[in-house]
Amino acid sequence: SSGKESTSTNTSKKVSGKISIAYLQKQGDQQYFIDEAQGAQAKAKQLGDVDVKVVNLGNDTSKAVSETQAAIAQKTTGVIIVPPDPAVGPQIVQTVAAAKVALLSSDDQICKTGTDPSKCPKDQLVPRVGFSGTQMGTQVGQRAGEEFKKAGWKAADTAIIAAWKQDVTVCTDRVVAAQSAFEQAAGTKVRVVKVGTDNTPPDAQSKTSAAVSGNRSVKHWVVWGCNDENVSGAVNALQNAGYKAADIDGVGLGAYLACKDWGSGKQTGMKAALFINGYDVGGLAVQTMVDYLRGGKAMPQEAFAPTKMVDPTNWRQSGVKCT
Amino acid sequence: MTELRAVGIGKRFAGVRALDDVTLDFPGGAVTALMGENGAGKSTLIKIINGDYRPDGGQVVLDGAPLALHAPADARRAGIRVIPQEPEIVPHVSVAENVYIGALPRKAGRAFDRAGLRARVREDLRRLGFERVLDPDTLGSRLTPAQRQLVEILRALTTDAKVIAFDEPTSSLSENEVEALFALIRRLREQGLAVVYVSHRMQEIFRIADRIAVLRDGGLVGVRDVDRTDEAEIVRMMVGRDLSDMFAREHSATDEVVLEVDAVTTDDVRDVGLTVRAGEVVALAGLVGAGRSELAGAIVGDLPIRSGQVRVAGRPVRLRRPRDAVRAGMGYAPEERKAQALLMERSVRDNISLVVLDRLRRLRFVRRAEERRLTREYVDRLNVRTPDIEHEVRKLSGGNQQKVVLARWLARRPKVLILDEPTRGIDVGAKAEIYHLIDDLARAGVAILVISSELPEVLGLADRVVVMQNGRVTGELDRSQATEEAILELAMAEDLSTTVQEGSA
Amino acid sequence: MTRTTTSREPVDAEPKEGVPRRILTAIGPQNISLVAALIVVVAIFTFLNSGYLTWSNVQVIGEAATVAGLLAVVQTVVIICGAMDISVGSQAGVASVISAMAFMSTGHDPFLGIAAAIGVGIVAGLLNGLVIVYGRVNPVIATLATLAAYKGVAQLISGGRAQGFVLGDDLFIFIARGRIAGLPVQVCILLVVALAIHLMLKYTDVGRNIYAIGGNDTAARLAGININKYLIAVYALAGIIAALAGIILTARTGSGQPTSGSEGLELQSITAAALGGAALKGGKGGVAGTLLAVLLLGALNNGLNVVGVNTFWQNVAQGALLVIAVIIQQRRTGERAVGLPT
Amino acid sequence: MTRTTTSREPVDAEPKEGVPRRILTAIGPQNISLVAALIVVVAIFTFLNSGYLTWSNVQVIGEAATVAGLLAVVQTVVIICGAMDISVGSQAGVASVISAMAFMSTGHDPFLGIAAAIGVGIVAGLLNGLVIVYGRVNPVIATLATLAAYKGVAQLISGGRAQGFVLGDDLFIFIARGRIAGLPVQVCILLVVALAIHLMLKYTDVGRNIYAIGGNDTAARLAGININKYLIAVYALAGIIAALAGIILTARTGSGQPTSGSEGLELQSITAAALGGAALKGGKGGVAGTLLAVLLLGALNNGLNVVGVNTFWQNVAQGALLVIAVIIQQRRTGERAVGLPT
Ligand SMILES: Nc1ncnc2c1ncn2[C@@H]1O[C@H](COP(=O)(O)OP(=O)(O)OP(=O)(O)O)[C@@H](O)[C@H]1O
Ligand SMILES: Nc1ncnc2c1ncn2[C@@H]1O[C@H](COP(=O)(O)OP(=O)(O)OP(=O)(O)O)[C@@H](O)[C@H]1O
Ligand SMILES: [Mg+2]
Ligand SMILES: [Mg+2]
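Residue numbers (the numbering used here), protein chains in the order written: chain A, 1 to 323; chain B, 1 to 505; chain C, 1 to 342; chain D, 1 to 342.
Some clues are possibly wrong.
[Unchecked claim] A few chain C positions that, by computed beta-carbon distances, are all more than 10 Å from chain B: (1) 32; (2) 59; (3) 101; (4) 223; (5) 224.
[To be verified] Just so you have them, the derived chain D footprint on chain A, three or more residues with Cβ under 8 Å: (6) 28-39; (7) 55-68; (8) 180-186; (9) 212-225; (10) 233-246.
Note that these hints are calculated values from the structure, not bench results. Just so it is clear, CB atoms sit at the ideal spot from N, CA and C, and this is done for glycine as well.
Chain A with its partners taken away, still in its complex shape (with noise of 0.2 Å):
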């Protein structure tokens, strides 16, 4: 065959009985995406006669065609997706129309025609449960703004540390959200120092330690990144670099790592963290493929789980958990 059999898309028709649903998932060895799995799998047990098996795609995107296929070839009734880069969308969402087996996307957006989501027409999205990349880095970057503004930093000697694998999107995407956001936040433009990393801390550490080094005449840093991985990475070579709690302004992604600094409850340059909730949107992404598939209720286009910026003075009763 040519492979372009017609693809139909989604039918809904409703499915009674043993639902089984395949999760993949990006980077599956992450804090954050192990949450997710739980939450998920804890829905599932709680919904009853349905099953979710867990895969992890890393940073593959062959690996998440043919883990898609695999699901197919499983006689899966649904299949949740986190790409591992969102142009990928478009053959994943063929490979699953094909087999009539539902989608979903979770955490990143696909689009079914194009290989860019934001350039993508808003009936051509795959429905998704998750965060918004560009929110949250908003988020990150007001918050940020406002410390700058509340320590009476200057722009002049002041800089932002931005850390983040180059190479994969959607931490791009977050980051340039985050340097516009503290611009409107901060009311002033400051200088970004890009750091490239593989988003692990020891890596964050060593190239924000070399990053430091060739900028000594900055006294005082912001700090965001793709992840809290980053961030805390980046924070503590700030400080094993003499820099002061006082005169960091790290701004993280996730919460897990910064809650271990604010429990030790000694003075760190993490002032605030975004909190996301993977544990929430694995369950609300598995809730929203078993709603459609036994009651046929279309799936919103997008569904956010809530998010919370939390510092050191509320973190434990916004429910983060710290290992």
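We have chain A; now place chains B, C and D with the ligands onto it with these hints.
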């Protein structure tokens, strides 16, 4: 007729001048023997002819035209074939492919003609009378040293050559194979090829060569026609002095039995028993594949013994690994120095002190000064030709490498010394030195077992000769009874009915 | 580099030749145990989940293994030479990006996209070979360096983002989802490449010379084989096949991927080649064994997901099963346990 | 120097032993070019940014290189044996998690945490050694397998999450940020370990035997060295040092990291060892060269970030500089360009 000329060849390596302005012709239809002490530059000259080394000065001229030799491929194209001193075997392919390496027969396109190749190699083997010692389908990694050398020799036949150079082709061959090889060389000579032949075995040279060229210290001493010279003159040219009393050994055996091998059976050796007394030299003779090396490997714990026992000084030794044998007081110089004994990229010092480190150490730290002293002592005693003891072993000539192996075990001063082909590739002068050393050791009460394929050596050295064939001991000869004929008879006991020497006709 | 071939391996008796023995030798004892391991793996997963041994799942296994399989096959050739190519994954990444970008910029011409990718693959491979042979850089170091460099190149030309969109094109769709006689096109490509390389290795003098070079390069050199030419050509071949893998990657994911999808492929390809019997010192190995190893690893991977084993256990299970498979394989040869195994 | 009794003088340039010459030989020609490369790198980056050659940045370089440096040093020993340990990174991950968890569960006793980590390191290393020697599994395959398996173990015991928080403890803070005579504690640990291993390799019979095993294992065996014991011990040593690296990782990041921070260390350690002059076929290499290579790579890495080069260019630059460094090094030896370089 072909003529190969080396004109004004010079070659130096860091610290050593290997060849100095050597001009020499190798006429077609004649066998030119190249002789000289270890490190005289014979292999270097041959490697230059082969395009393997580039000379610092001079030229190689074939039939009047100078050759541009940048790689062995160029020499090959010009019709020069070299059988190197160390056989180079490809381990995971068959003997047949090893023989025709680089010139595999092809069918249409680039398809490789496996059946044709096998037929050709079988035919070659039959023609040379090697079919009983070499199977074309065996893998290279499973060959014994002798078989490896035969493969190298067979390679000489694969191309239409004008010049063939053999660098010590017989160093691990025994009489049968040597005969066949000589038949081959005579045939090549009749075809008008120029044959270059390097060997340290004096009798061989006088049997096969037409002319003898002698190198010393990288320079050409002279060229003699075989008919108009004798061994004494050649030796004088080689070493610059007369050598006498080569094989003069006095009986020094005592009654104290040191090594007892009792009904040992391994995978290739059946029910072998022998004893060696303190101060005695026992030679183990036999043809290629007789199982002598196998037996030695078993005695030193490197190959599993299926039944039987080995005792040293009356005490049974539990042989699980060579370490047990070393601990029990045995020393073993294996036959293949490069593969089995030497750390090619380490210094002479490292190589010699390897087995005495446990005596040289204090709190596990090696006493360096003592180590250097000991190494120097043995380098001097064995006359190892090296610029200094930190020189890498791979840069030494073949014979000097062999001396390093011997030095290692002499330094350990074992009760039992097992030497497998100890003079392989060693020049006459050094050979005499080694015989003296063996004699000295025996006198000092060491029990020595020598495995050798060179009959004069066996006869000269041994108090007793044990002959093996096909994994069994076929006889034992006392010094007084031992003659070449007697040994060969025992070595071929089972073969006598069948004729072996078709190739020598 | 002169290799000393150890003369007397402490090996036990030469196997006796009989008819069943002959068949065994034809498949090769190494491969037999891979087949056995494969059977065991399939049996276990089929028992645990009936959806495992279905034709559709077998196709999925095949398709998932194609990219790694192509690289493993060509890695086998490189390893037989006694070298290694760690940059194959990055080369595939560059080719993937180039194929998509060339496709887009030539007004959606798939052939030009593919040709451009292959051209780039040849250049990358040649560069590896030249650096190694004439720069005298150890193959591992050299290709580790180009692993980083080519990855950087892929990221630079793509800005780190997936490029283009090829799933509007019939040829790419055909590669991604087509079937030939019921077999996925990707798998067909893998089989064709594997067969071609197998034939080259076993039945042409080129292949035999490659074994000779890897087995003993001094012997090969003295025999007049132009080692340098062979090595550079083999690296160029690796570049071509890596480019092919990159093109398949583009078709599978729908766009040119600079890094995603091609990271970690170097270790996978080396693992498969080594598990399939290629000796890392060179001179030994074959396409059949490598393909079996690819299949075994693919079946294992897929099975663990089908059965729903958690990622962390998957790592443990994969490692443990790999070791057990090799131990069983080695035990059968009855080699004595002294020193490093080959 | 020994003079043979025969007439011939060793002609020509036996290098005259002068003081500069002595120093040169002591560093070794291989290392000389690393030093030269280092000087060039430092000069370039100092020119580009004055913050580069400051004491504080030098300390940063040292600290950033410590974990990889420890693994590279012990990898050198493994490589000298002719083997390889690809699982070092995973072992460090397991040790990191264990150190933090043991620390937490023993009521914040740092010594128990460290002891537990080292204990686990020994076990992991021994397991590697046993699988290789008695399971007859090729070292690369075996440690590739345990790379996956140990990673899985680290993830399983930690649930994939960073564990504990150790930066409330004085000892861990000391490791993370302390100074001894102005030198970061981490760097001191690296130097002590490197010195100990250097002494072992060069001045004890153990070290000499290790070189012998890697140089020619048949010769070593026949010389009465218990190869198996040595190999297993070397893998155990690798486990211990990897555990030490894991503990430092814990101190640096403040919590036990199952995978993050330890991935990719295997390639880094092999690269450094090979660049430092260790031959992958065994028998050659040394701690000094490896440390220089670690420093060179660290200085390069740091410099690219100090100057603010974007990640993509960093990959290209790293690859290119690595190749250039080795080419220069090799050109100096004047080896003829035939076949594979060692
Ligand atoms: N690659 C090398 N590097 C340094 N020195 C070398 C090298 N090859 C040979 N030599 C030196 O050149 C000299 C001549 O060596 P060559 O191998 O030609 O001797 P030979 O006459 O063949 O001796 P033998 O009878 O022992 O084989 C020796 O002193 C040797 O140490
Ligand atoms: N690695 C091996 N694999 C298979 N067979 C072997 C191996 N090594 C030796 N053999 C066989 O063992 C037998 C005895 O060989 P061994 O080397 O002991 O003979 P030898 O008398 O020392 O003769 P040589 O002069 O060839 O060394 C031969 O038949 C040989 O084919
Ligand atoms: Mg010689
Ligand atoms: Mg023998």
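Checked hints:
no. : hint    : result
1   : 32      : holds, 18 Å
2   : 59      : holds, 34 Å
3   : 101     : holds, 36 Å
4   : 223     : violated, 3 Å
5   : 224     : violated, 4 Å
6   : 28-39   : holds (count 4)
7   : 55-68   : violated (count 0)
8   : 180-186 : violated (count 0)
9   : 212-225 : holds (count 5)
10  : 233-246 : holds (count 5)
Checked against the numbered hints above, the structure violates hints 4, 5, 7 and 8; every other hint is satisfied.
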